[in-house]
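Undergrad: Construct the complete structure from the given sequences, taking the supplied hints into account.
Under this note's numbering, the residue at position 36 of the sequence shown is numbered 36, and the numbers go up by one with no gaps.
Hint data in this document are derived by calculation from the structure and do not stem from the laboratory. Don't take every hint at face value.
Stated by the list, open to error - Derived DMTMM-like pairs: lysine to aspartate or glutamate, alpha-carbon spacing no greater than 25 Å straight-line: (1) K80 - D13; (2) K78 - D38; (3) K78 - D34.
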Amino acid sequence: MGNGISINEVILDFFVEHGVDVVIESAQEFDFMDGLIDSFEVMSLLIQIEQTLDTRIEPTELLEEQNRTILGLINLVKSKQ
1 MGNGISINEV ILDFFVEHGV DVVIESAQEF DFMDGLIDSF EVMSLLIQIE QTLDTRIEPT
61 ELLEEQNRTI LGLINLVKSK Q
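TA: In structure tokens form, the structure reads like this:
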């Protein structure tokens, strides 16, 4: 991740680009796996995280309760770097 892009920026920008109005302050409550984005968009998000942040997230990891929110996903990515 040496390109200066932050994890928060990559993830929040993805959701904004896909029509989800979110700010970091509400990220803890945003359960994006509850229909905010569809399964194709989830896969696109995982690909973007892998390509931009050089961090691989398995789709099954998003099924875990703590990873279903935007803040949970941010923390998951941070834990893998």
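Undergrad: All the hints need checking, so say for each whether the structure fits it.
TA: Hint check results:
| no. | hint | result |
| --- | --- | --- |
| 1 | K80 - D13 | holds, 20 Å |
| 2 | K78 - D38 | holds, 24 Å |
| 3 | K78 - D34 | holds, 22 Å |
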